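4 protein chains.
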Amino acid sequence: MKGLVYNGPRDVRVIEVPDPKIEKETDVLVRITATNICGSDLHMYEGRTSVETGKVLGHENLGQVIAVGKAVERVKTGDWVCLPFNIACGVCRNCERGMTHACLNANPGSAGAAYGYAEMGPYQGGQAELLRVPYADFNCLVLPPDAEEKQNDYVMLADIWPTGWHATELAGLQAGESVVIYGAGPVGLFAAYSARIKGASQIMVVDRHPDRLRLAEKIGAVPIDDRRDDPVEAVMKLTRGEGADKGCECVGWQCHDADGHEVPNETMNRLVRSVRPAGALGVVGVFVPQDPKAEDPLMKEGRIAFDFGLFFHKSLRLGSGQAPVKAYNRSLCRLIAAGRAQPSFLVSHELPLSQAPEAYGHFDARHDGWTKVVLKPAA
Amino acid sequence: MKGLVYNGPRDVRVIEVPDPKIEKETDVLVRITATNICGSDLHMYEGRTSVETGKVLGHENLGQVIAVGKAVERVKTGDWVCLPFNIACGVCRNCERGMTHACLNANPGSAGAAYGYAEMGPYQGGQAELLRVPYADFNCLVLPPDAEEKQNDYVMLADIWPTGWHATELAGLQAGESVVIYGAGPVGLFAAYSARIKGASQIMVVDRHPDRLRLAEKIGAVPIDDRRDDPVEAVMKLTRGEGADKGCECVGWQCHDADGHEVPNETMNRLVRSVRPAGALGVVGVFVPQDPKAEDPLMKEGRIAFDFGLFFHKSLRLGSGQAPVKAYNRSLCRLIAAGRAQPSFLVSHELPLSQAPEAYGHFDARHDGWTKVVLKPAA
Amino acid sequence: MKGLVYNGPRDVRVIEVPDPKIEKETDVLVRITATNICGSDLHMYEGRTSVETGKVLGHENLGQVIAVGKAVERVKTGDWVCLPFNIACGVCRNCERGMTHACLNANPGSAGAAYGYAEMGPYQGGQAELLRVPYADFNCLVLPPDAEEKQNDYVMLADIWPTGWHATELAGLQAGESVVIYGAGPVGLFAAYSARIKGASQIMVVDRHPDRLRLAEKIGAVPIDDRRDDPVEAVMKLTRGEGADKGCECVGWQCHDADGHEVPNETMNRLVRSVRPAGALGVVGVFVPQDPKAEDPLMKEGRIAFDFGLFFHKSLRLGSGQAPVKAYNRSLCRLIAAGRAQPSFLVSHELPLSQAPEAYGHFDARHDGWTKVVLKPAA
Amino acid sequence: MKGLVYNGPRDVRVIEVPDPKIEKETDVLVRITATNICGSDLHMYEGRTSVETGKVLGHENLGQVIAVGKAVERVKTGDWVCLPFNIACGVCRNCERGMTHACLNANPGSAGAAYGYAEMGPYQGGQAELLRVPYADFNCLVLPPDAEEKQNDYVMLADIWPTGWHATELAGLQAGESVVIYGAGPVGLFAAYSARIKGASQIMVVDRHPDRLRLAEKIGAVPIDDRRDDPVEAVMKLTRGEGADKGCECVGWQCHDADGHEVPNETMNRLVRSVRPAGALGVVGVFVPQDPKAEDPLMKEGRIAFDFGLFFHKSLRLGSGQAPVKAYNRSLCRLIAAGRAQPSFLVSHELPLSQAPEAYGHFDARHDGWTKVVLKPAA
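Chains as they are written, first to last, in my numbering: chain Y, 1 to 379; chain Z, 1 to 379; chain S, 1 to 379; chain C, 1 to 379.
What the hints contain is simulated information worked out from the structure, not anything from laboratory work.
All figures in this text were calculated on a predicted structure; none of them were measured in a lab.
One or more of the hints may lead you astray.
As the list claims (entries may be wrong) - Derived PhoX-like pairs (lysine-lysine); straight-line CA-CA distance at most 20 angstroms: (1) LYS376/S with LYS300/S; (2) LYS300/S with LYS237/S; (3) LYS24/Z with LYS376/S; (4) LYS70/C with LYS70/Y; (5) LYS21/Y with LYS2/Y; (6) LYS76/C with LYS21/C; (7) LYS70/Y with LYS21/C; (8) LYS24/S with LYS70/Z; (9) LYS300/Y with LYS376/Y; (10) LYS150/Y with LYS376/Y; (11) LYS24/Z with LYS2/S; (12) LYS70/C with LYS24/Y; (13) LYS24/Y with LYS24/C; (14) LYS150/Z with LYS376/Z; (15) LYS24/S with LYS76/Z; (16) LYS2/C with LYS21/C; (17) LYS70/Y with LYS24/C; (18) LYS70/S with LYS21/S; (19) LYS76/C with LYS24/Y; (20) LYS70/S with LYS24/S; (21) LYS150/S with LYS376/S; (22) LYS2/S with LYS21/S; (23) LYS76/Y with LYS24/Y; (24) LYS2/Z with LYS76/Z; (25) LYS2/S with LYS376/S; (26) LYS70/S with LYS21/Z; (27) LYS76/Y with LYS21/Y; (28) LYS76/Z with LYS24/Z; (29) LYS150/C with LYS376/C; (30) LYS2/C with LYS376/C; (31) LYS70/S with LYS70/Z; (32) LYS2/Z with LYS376/Z; (33) LYS70/Z with LYS2/Z; (34) LYS76/Y with LYS24/C; (35) LYS70/Z with LYS21/S; (36) LYS70/C with LYS21/Y; (37) LYS150/S with LYS24/Z; (38) LYS2/Z with LYS21/Z; (39) LYS70/C with LYS24/C; (40) LYS70/Z with LYS21/Z.
Model the full assembly from the supplied sequences, consistent with the hints where possible.
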């Protein structure tokens with residue numbers, strides 16, 4: 001089959017790769033019809049990870065089941081399914097508590113597995129024609145009858161929307177509260193979209209890309225352009241000097257300052273100053289335990305110079321990490337099915353798999369208007 | 001009246017100070033019969049804060065009401081009361097949510113007020129014969145009939161036990177879980193004691209003072225001496241390589257390494273490595289927004305070099321800050337009254353107020369056996 | 001001043017009554033500019049309670065502060081305020097946990113107090129020109145600058161919207177879930193409105209009054225007319241046989257069947273059958289500990305024949321009781337101020353106080369279109 | 001193999017039955033070494049259920065794995081395992097939220113399945129030499145190395161301790177609170193034991209069997225004999241007139257009054273009166289949707305005459321239903337392994353399987369001292 005593989009920094013290619021097979025009785029095979037390029041794919045694309053050459057990328061996957069293992073009971077051939085990016089066993093101590101992002105079995109030696117991702121286990125990704133899905137009865141979200149028609153909505157359930165939602169959950173966002181979100185990439189925009197659905201009274205989004213800030217405004221947020229305004233001051237002004245009730249980090253360690261330098265502690269320390277005493281932060285932008293290529297010397301070993309004194313003084317709380325997609329995808333699916341949510345609003349490009357390499361380039365360069373790319377391997 | 005005042009670094013004195021008065025209709029006056037020296041008093045004692053000369057110290061106070069303001073309804077003259085160290089108005093946005101540690105009215109311009117403490121508002125402390133208690137109907141915990149007799153137990157409800165309890169609450173400790181606690185000072189020991197009462201399955205306490213480690217063991221914890229063992233390795237060994245479910249920081253920014261140097265990020269980074277994926281941390285050891293006298297250059301401006309990459313990778317959560325004492329003191333009071341808890345186990349010395357300066361010296365020097373001092377101004 | 005008083009079954013009158021005064025240092029006086037007639041006023045109006053003749057009714061009150069007691073600090077003369085219907089001391093064991101609906105001090109001998117209501121303490125109501133507000137710093141919600149202009153929105157924060165919101169809170173409604181609401185009176189409609197704001201995927205409302213069902217539909221709910229359809233079957237059909245995730249009771253013991261007879265257990269038992277296993281119910285429709293005038297023999301002593309076997313078999317949960325208004329009114333206020341909510345959508349009539357008796361008659365008779373009456377005593 | 005089967009009212013027999021087999025790839029077979037007789041087995045024994053003749057009873061099972069299906073990964077031959085009485089698929093909407101007591105797949109047409117129980121699916125019980133365990137990777141609790149030696153402790157994790165624990169969870173019991181428990185059978189005693197471990201300040205247990213009340217006292221509860229004292233008055237006296245913070249129902253619909261008549265609403269209505277305003281109840285005593293043999297006419301159709309007016313007036317909450325054993329068994333297992341809990345304190349008799357029929361008789365008759373029987377089929 002055709003699949004998009006990593007071939008080195010800023011070099012991904014669509015090549016012929018071996019077809020996946022049912023390897024265990026609990027597997028299914030899915031013919032992929034929609035698969036997104038994720039902002040976190042860019043960490044691999046840019047050569048900032050240890051991902052091996054030849055790995056098929058892609059962890060935001062949707063398609064139709066074409067084969068099922070003997071022990072699979074719930075999922076049937078022909079079902080349309082969306083796959084959480086986390087691969088989870090369903091039976092370990094973390095999975096049984098809903099913490100599928102920290103599955104202890106799917107990626108031995110670590111906690112948490114994923115499709116087509118560096119250090120997340122030996123699983124191929126879904127930017128390809130076919131995908132093997134382990135522990136399928138546990139992992140597959142079987143979609144409603146309108147699945148095929150609303151693919152661009154439902155594919156957002158694999159990662160990007162649940163991840164934005166998770167940011168607001170980690171922050172403990174309640175209806176009626178205000179929230180500031182750093183980052184208006186897809187995750188930040190979905191955090192804002194989630195805050196809107198949950199009844200936030202005020203949503204502020206900090207970024208500097210005009211196309212992204214326009215989208216933020218479109219979904220009801222106040223855009224803050226950090227090239228024009230100090231974002232902490234802007235938040236303070238908008239909240240009568242109180243600070244936002246809650247904050248979300250949707251950028252991660254590769255945060256750039258206005259001059260293009262990476263400043264890994266910038267968003268976290270701005271959040272500490274933007275949020276009111278006894279508030280809380282949700283951090284879903286990725287921070288890594290080490291990055292030898294980081295400009296910042298602390299970040300080489302995974303550290304940031306964190307304003308922990310002020311954090312403590314303000315009695316803040318924070319939650320972090322990858323989203324346990326299964327904790328949210330059924331609920332969000334129902335919002336789509338009921339017509340209450342259309343997460344496809346973010347899609348800027350639908351492309352065949354063959355054009356994926358070009359799309360990676362545009363997305364990585366943050367070219368204006370390349371907000372979210374959905375690949376269509378079956379088209 | 002007599003009161004212990006700050007007179008400069010390592011210089012506290014018991015002198016004659018003006019008697020407090022009912023200043024507002026909502027005040028009461030309390031004759032103090034038991035008042036503790038707290039580990040956080042030592043930050044002031046050592047000259048590491050901006051506390052003004054002449055301030056009466058003391059925020060762990062218990063005594064008998066001798067006068068009540070006209071608007072006071074609930075509290076009566078003659079009541080035995082224990083005062084939460086936080087002074088809270090009871091009516092602001094934070095107080096009405098139970099976040100009395102972040103009261104927005106009692107210390108204008110900041111969040112949170114306290115008796116006799118640097119930058120916590122214009123309130124005198126209770127290491128004195130008398131204490132003025134603002135917003136008394138809200139702040140006083142009226143004690144059961146056995147109050148006088150069990151003063152050494154009930155006085156622990158002012159701060160030290162609720163603060164230890166708060167560490168376990170912030171960490172979300174549940175019955176059956178394991179927990180590692182860094183620091184076996186009074187706060188750490190009360191975190192361990194709280195974990196015991198809540199049904200933790202395994203309690204590990206890290207420190208290096210033999211008298212404190214012995215007390216930890218006595219209340220059912222496994223003591224870990226960090227001069228002898230690497231505490232992270234010790235925790236891993238004790239938890240079959242999984243890490244503790246939860247962790248508590250009960251040391252703060254003045255953490256010393258084996259050579260006596262302050263290493264403000266040591267406990268936090270050890271905690272990140274000691275706790276299992278998807279675990280959580282409660283931080284009640286004090287970190288300050290700036291400390292010009294800190295050895296560590298980052299800490300001068302309130303920062304620590306924090307292993308945030310690993311923290312994120314493990315999907316950890318953390319909560320921090322001072323304890324909202326009122327959230328816990330009624331429940332803990334009932335445990336004492338019912339005979340299910342005897343927090344006075346920690347008391348090493350009961351002394352008249354006149355001996356307070358000497359006691360500060362011993363406690364600050366961590367002299368063996370000076371675990372907790374209760375002053376008796378009325379004795 | 002003028003005030004509307006109870007004069008016997010179906011007899012309320014606007015008469016001259018004594019002006020209220022500052023009785024305690026913690027009181028304020030409010031000039032009432034908007035005060036609603038509540039569905040629960042009808043229990044008194046119909047003579048089904050023990051309310052005394054001459055009592056001024058009215059517990060949904062908004063106005064401007066004209067005098068403050070000496071101990072009042074937060075509230076100022078001139079402030080526009082909305083008063084939670086619950087009168088709460090702010091300092092008892094229940095109030096300090098946010099359970100202001102069960103205040104132990106404001107109505108000695110019982111739990112919970114209110115303005116102008118049977119057995120809720122010696123407090124006059126606000127269907128009058130002036131109102132005395134006890135424990136004012138705790139009880140007053142000080143409104144934003146647009147208070148006067150948006151009175152018809154903000155007055156809904158006194159009771160009716162928080163009560164509808166409470167129904168969804170007691171049921172534990174989460175974004176993405178489905179909910180069935182029995183009753184489309186003001187409380188039921190506000191439960192539906194709350195469910196909409198919280199991101200429910202599906203909202204079903206059962207009633208039989210066409211004007212109410214139209215309003216339900218207008219705010220995004222599926223109306224179910226129980227004269228035409230069996231509501232349990234309708235819910236099952238709409239939820240693919242699963243049942244609703246959550247349910248709300250917004251009718252109370254005076255539930256009527258199609259023939260006009262009171263059937264106090266009807267809504268509860270229908271809810272048990274309408275909600276899916278492991279679901280939950282929020283009950284804010286009023287049930288009383290005894291009603292000698294009830295038709296139903298069990299209800300005379302406050303009992304219902306409850307399908308508890310099925311309730312248990314389905315592992316259901318339920319929460320009940322009056323709303324702790326302060327738990328929600330700040331958040332909902334912010335939604336109004338931010339333009340995200342306009343609860344005045346429900347207002348059908350704005351009338352001077354003098355027309356209140358007539359309005360009681362229409363509202364009690366459920367005359368078409370008499371959804372919600374706001375009285376304007378200052379007009 | 002030998003198994004104990006139902007043969008009609010008050011007639012159980014140990015006979016030869018077919019050996020179970022691996023039927024699906026996800027099954028394991030367990031050689032049973034400890035299996036309890038449960039109070040809920042008595043409903044079947046007494047002929048009050050629809051259980052079919054020939055069914056092997058027994059849902060509190062522990063033993064050693066002797067065969068595993070091909071798709072089983074986590075559980076190994078030779079593992080000592082304790083089986084939650086609920087059989088759960090692990091992948092349905094309820095299981096993925098931890099509500100394994102309401103599994104939607106294991107017992108099609110209903111919610112929730114169990115071993116050897118009426119209307120809980122086609123599964124044989126474990127009062128036998130061998131047991132087939134479906135969805136084994138999900139359902140088996142693999143025990144620590146001391147499993148064999150502490151069998152009488154660990155077998156309590158199958159049902160009886162988690163069920164008692166669940167009562168306290170449903171009631172939301174927090175450390176420092178008081179709780180009243182109706183029923184001192186095994187479930188009630190384990191509710192009391194759980195309350196003790198969770199740090200309750202006061203535990204009151206109502207029953208009338210002296211041996212049970214003695215055991216309640218032994219684990220730190222205050223026994224209340226309802227033949228001697230009105231239990232509501234006793235609770236009020238013990239709580240200074242406030243009522244207990246929380247309450248647990250551990251009797252169920254077959255509650256008897258002093259004359260031996262069944263009074264299905266007695267415990268629930270007493271609880272409503274025993275618990276303080278804004279309190280909560282956990283109900284794990286079984287109530288059934290219908291019982292044609294009930295004396296009480298309402299109960300024939302699963303109803304009770306419930307004091308719902310007072311329940312509402314006091315703003316109470318209640319949770320009900322079978323325990324989701326997996327939600328608790330790992331934590332409780334760790335308490336046993338750590339030596340912090342010894343639930344075998346309840347065991348009164350260890351008997352070979354052959355003596356099971358006699359044991360049923362004694363237990364059903366509540367003969368003095370027959371508190372809990374563990375059968376040893378492998379002995």
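List of violated hint numbers, smallest to largest: 1, 2, 3, 9, 11, 24, 33, 37
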